[in-house]
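For what it's worth, my numbering labels the leading residue of the sequence shown as 1, then goes sequentially.
Just so you know, these hints were derived from the structure itself, not from any lab. Take these hints with a grain of salt, some might be off.
EDC-like, lysine to aspartate or glutamate: derived pairs with alpha carbons at most 16 angstroms apart [what the hints assert, rightly or not]:
(1) K438 x D403
(2) K642 x E668
(3) K580 x D625
(4) K228 x D439
(5) K556 x E606
(6) K672 x E618
(7) K52 x D62
(8) K622 x D565
(9) K556 x D588
(10) K445 x D421
(11) K472 x E606
(12) K636 x E589
(13) K392 x D439
(14) K622 x E668
(15) K433 x E447
(16) K636 x E606
(17) K552 x D611
(18) K433 x D382
(19) K448 x D421
(20) K636 x E601
(21) K389 x D439
(22) K438 x E225
(23) K438 x D382
(24) K552 x D588
(25) K472 x D439
(26) K607 x D639
(27) K108 x D62
(28) K433 x E446
(29) K672 x E641
(30) K637 x E601
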Amino acid sequence: MPVILFVVSIAAYIATLAPSITTGDAGELCASAVTLGIAHSPGYPLFSLVGKIFTVIIPWGDLAYRINAASAVFACSSAVILYFLLLKAGEIFQNSVNDDGLSRATVKTAAFITALSFVMTKSVWQSGVQTEVFTLNIFFALLIAYAILRDNLLLASFLFGLGLGNHHTLVFISPVFLYPVIRSKALNIKTVLTALAVFALGFSVYLYLPARSFNNPQLDWGNTESLKALWRVISRADYGTLSLTVGEKIQRNFGTLSAQASRFFTALGRQYTLIGLITGTAGLYFISRKRPLFLTLAALTFVLSGPAFLLLANMPFNAEAEGVLERFYVFINLGWSFALFAGLIYLASLKKIFISAGAAVVIVLLLNAPSNSMRGSYLAYDYGSNLLKTMKPGAVLFMDGGDDTFYSLAYLCFARNKRPDLELHDRGGLVFKNVYGKDFRALSKEEKESRRRKVESGYLGVKPVYFSTFNKTVMGQPALVSDGILYRPADKSGINAFHAYSLRNIYGGAINDYRSNALAPIYPYFAALYSANPLPYWRYCHLKWSYVPWIKTNVKAELLAGAFDSFSGNRYAQAERFYKEINRIYPDEPSAFLNLGVVYEKIGKEKEALDCYARVSEIDPKNTDSYYNTAVIWWKKADWEKAAFNLRRVLAVNPSDERARHFLPVAEQNIKQKK
Numbered sequence: 001m002p003v004i005l006f007v008v009s010i011a012a013y014i015a016t017l018a019p020s021i022t023t024g025d026a027g028e029l030c031a032s033a034v035t036l037g038i039a040h041s042p043g044y045p046l047f048s049l050v051g052k053i054f055t056v057i058i059p060w061g062d063l064a065y066r067i068n069a070a071s072a073v074f075a076c077s078s079a080v081i082l083y084f085l086l087l088k089a090g091e092i093f094q095n096s097v098n099d100d101g102l103s104r105a106t107v108k109t110a111a112f113i114t115a116l117s118f119v120m121t122k123s124v125w126q127s128g129v130q131t132e133v134f135t136l137n138i139f140f141a142l143l144i145a146y147a148i149l150r151d152n153l154l155l156a157s158f159l160f161g162l163g164l165g166n167h168h169t170l171v172f173i174s175p176v177f178l179y180p181v182i183r184s185k186a187l188n189i190k191t192v193l194t195a196l197a198v199f200a201l202g203f204s205v206y207l208y209l210p211a212r213s214f215n216n217p218q219l220d221w222g223n224t225e226s227l228k229a230l231w232r233v234i235s236r237a238d239y240g241t242l243s244l245t246v247g248e249k250i251q252r253n254f255g256t257l258s259a260q261a262s263r264f265f266t267a268l269g270r271q272y273t274l275i276g277l278i279t280g281t282a283g284l285y286f287i288s289r290k291r292p293l294f295l296t297l298a299a300l301t302f303v304l305s306g307p308a309f310l311l312l313a314n315m316p317f318n319a320e321a322e323g324v325l326e327r328f329y330v331f332i333n334l335g336w337s338f339a340l341f342a343g344l345i346y347l348a349s350l351k352k353i354f355i356s357a358g359a360a361v362v363i364v365l366l367l368n369a370p371s372n373s374m375r376g377s378y379l380a381y382d383y384g385s386n387l388l389k390t391m392k393p394g395a396v397l398f399m400d401g402g403d404d405t406f407y408s409l410a411y412l413c414f415a416r417n418k419r420p421d422l423e424l425h426d427r428g429g430l431v432f433k434n435v436y437g438k439d440f441r442a443l444s445k446e447e448k449e450s451r452r453r454k455v456e457s458g459y460l461g462v463k464p465v466y467f468s469t470f471n472k473t474v475m476g477q478p479a480l481v482s483d484g485i486l487y488r489p490a491d492k493s494g495i496n497a498f499h500a501y502s503l504r505n506i507y508g509g510a511i512n513d514y515r516s517n518a519l520a521p522i523y524p525y526f527a528a529l530y531s532a533n534p535l536p537y538w539r540y541c542h543l544k545w546s547y548v549p550w551i552k553t554n555v556k557a558e559l560l561a562g563a564f565d566s567f568s569g570n571r572y573a574q575a576e577r578f579y580k581e582i583n584r585i586y587p588d589e590p591s592a593f594l595n596l597g598v599v600y601e602k603i604g605k606e607k608e609a610l611d612c613y614a615r616v617s618e619i620d621p622k623n624t625d626s627y628y629n630t631a632v633i634w635w636k637k638a639d640w641e642k643a644a645f646n647l648r649r650v651l652a653v654n655p656s657d658e659r660a661r662h663f664l665p666v667a668e669q670n671i672k673q674k675k
């Protein structure tokens with residue numbers, strides 16, 4: 001059975017394996033492995049070393065493909081270890097179900113179904129077909145658990161220390177270390193001290209960071225040549241030790257507690273299907289009744305890696321956060337696999353239900369193969385290549401955020417040695433060579449921006465300068481101009497680089513993960529800047545990727561800027577089209593309705609203008625401009641009652657409004673004269 005398990009799973013993984021780098025951290029991790037560099041906190045020394053080995057022992061394919069294959073091997077090997085671990089756990093409570101005992105064949109079948117289900121879950125499968133640290137993390141977690149179950153505490157301790165050199169979430173496996181302690185009912189100080197010593201030996205893999213940093217690799221996150229810098233990287237100080245990203249956090253209260261719990265069970269059902277969720281719940285009931293020690297500790301691991309982890313991470317509820325969390329469900333899936341196994345054992349006496357439940361889970365998960373496939377995914381590779389195609393020889397690129405920009409270029413330029421003529425800098429001074437000074441990280445926000453502009457302006461006239469940014473005024477005035485998917489200072493030497501781009505995976509084919517969907521719209525977004533009619537491009541971006549935060553923000557900004565530019569140039573028909581598009585996409589944006597009303601006034605459509613101002617008042621009852629503009633229209637019609645009514649509404653919101661205070665007495669006087 002273990003051979004069949006590995007062959008089936010590895011065949012599925014190789015068939016769906018990504019051909020090169022993917023979005024997110026993959027490019028950086030691949031570059032770090034190939035060049036033996038230092039990736040972002042906590043540095044991932046073990047992954048870099050293991051990845052390097054796979055680039056050597058696999059003699060074919062793109063370098064990133066070889067490291068992707070490493071993820072697949074560790075995922076499928078984890079399934080095999082899980083199978084043997086479940087067999088061992090099954091022995092512990094084999095006679096707990098009924099007086100006749102539980103057959104070995106049934107335990108093997110339940111273990112096989114569980115292990116195959118685990119390796120076919122969405123998060124595990126997606127992590128196993130691209131470069132990610134999570135399948136190696138699970139591999140170590142299962143090795144540790146198996147060593148504990150075989151009473152080899154010292155091996156488990158060493159693997160625990162070594163495994164933390166790959167990912168810190170391995171701490172979720174720590175409850176299994178209580179297994180030998182509880183069983184022995186006594187602590188042997190010598191054993192504990194020896195275990196701590198071999199743990200430290202394994203954890204010493206982090207000495208890789210200063211050892212490599214002193215050699216100045218191209219990727220040298222945190223420059224870990226001092227103890228302070230080393231600890232800063234290991235402890236993830238730039239992120240927050242318990243934070244997954246540097247982004248938004250939400251308040252912890254009962255409301256978010258219940259919402260995070262709901263998110264957890266929804267995700268679990270999505271990973272294991274409804275049948276797997278029900279079967280696992282039955283397994284938890286069985287564990288609570290029989291209380292086999294090892295499975296009880298495994299259940300505690302599940303609680304730590306699941307609900308407790310989500311509460312600690314406390315991520316917001318949006319598509320971006322779900323995209324981040326998807327990878328971390330791998331450990332949750334491992335915890336639930338023990339519940340699923342216990343559930344199948346519990347249902348073993350009901351053979352038809354047992355077989356049906358197990359078969360249904362596996363079949364449904366296998367049907368998920370198309371949505372988990374990364375085969376033919378060149379999005380990140382093409383993005384990095386297109387960036388390189390955009391820049392002139394000897395250019396310098398300043399990157400204003402964006403992991404896909406950082407890491408795709410790190411892979412292509414450092415691991416693949418493409419475009420050595422280029423000079424690459426991130427404006428945070430973390431990923432690439434820092435040209436902003438050794439004190440840059442300690443500066444205030446305003447001081448950093450001043451330093452950036454001073455340093456970057458020094459390159460003007462010396463080298464071709466490019467920016468990867470959405471902020472056209474990042475250099476001040478005049479604003480930057482677009483050049484393909486980059487920006488550059490305005491000059492007459494640029495060309496439209498789009499003709500040279502590879503656009504695979506953009507307009508055709510399915511993109512299944514959030515991070516890819518957050519990158520893909522970069523092309524239609526920038527293509528709009530070259531079009532005489534950008535509206536169809538921005539409409540397409542919104543319709544297809546409205547859940548991507550940067551699309552919502554930037555498309556609105558471009559539409560508002562285009563509308564204002566058209567209005568300022570007295571191109572009222574074009575301004576009307578822009579504002580109508582904004583109102584259609586963003587129906588609760590009061591400024592667009594207000595400005596459209598002004599456009600209608602300019603072209604003599606007063607009824608339409610009044611409708612726009614009324615809509616503004618519905619959205620924002622405290623918007624005095626809508627009341628005042630309405631009053632002006634009625635003033636022109638000499639309808640003094642309606643003019644006065646709207647001027648009073650202005651003063652009700654803002655009693656000091658000079659316009660209303662000046663004109664209201666005039667309107668009231670006209671009302672008296674009319675009477």
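Evaluated hints:
| no. | hint | result |
| --- | --- | --- |
| 1 | K438 x D403 | 23 angstroms, violated |
| 2 | K642 x E668 | 11 angstroms, holds |
| 3 | K580 x D625 | 19 angstroms, violated |
| 4 | K228 x D439 | 15 angstroms, holds |
| 5 | K556 x E606 | 26 angstroms, violated |
| 6 | K672 x E618 | 31 angstroms, violated |
| 7 | K52 x D62 | 13 angstroms, holds |
| 8 | K622 x D565 | 27 angstroms, violated |
| 9 | K556 x D588 | 12 angstroms, holds |
| 10 | K445 x D421 | 31 angstroms, violated |
| 11 | K472 x E606 | 36 angstroms, violated |
| 12 | K636 x E589 | 27 angstroms, violated |
| 13 | K392 x D439 | 31 angstroms, violated |
| 14 | K622 x E668 | 23 angstroms, violated |
| 15 | K433 x E447 | 19 angstroms, violated |
| 16 | K636 x E606 | 10 angstroms, holds |
| 17 | K552 x D611 | 25 angstroms, violated |
| 18 | K433 x D382 | 24 angstroms, violated |
| 19 | K448 x D421 | 27 angstroms, violated |
| 20 | K636 x E601 | 11 angstroms, holds |
| 21 | K389 x D439 | 33 angstroms, violated |
| 22 | K438 x E225 | 14 angstroms, holds |
| 23 | K438 x D382 | 34 angstroms, violated |
| 24 | K552 x D588 | 13 angstroms, holds |
| 25 | K472 x D439 | 27 angstroms, violated |
| 26 | K607 x D639 | 14 angstroms, holds |
| 27 | K108 x D62 | 38 angstroms, violated |
| 28 | K433 x E446 | 21 angstroms, violated |
| 29 | K672 x E641 | 10 angstroms, holds |
| 30 | K637 x E601 | 13 angstroms, holds |
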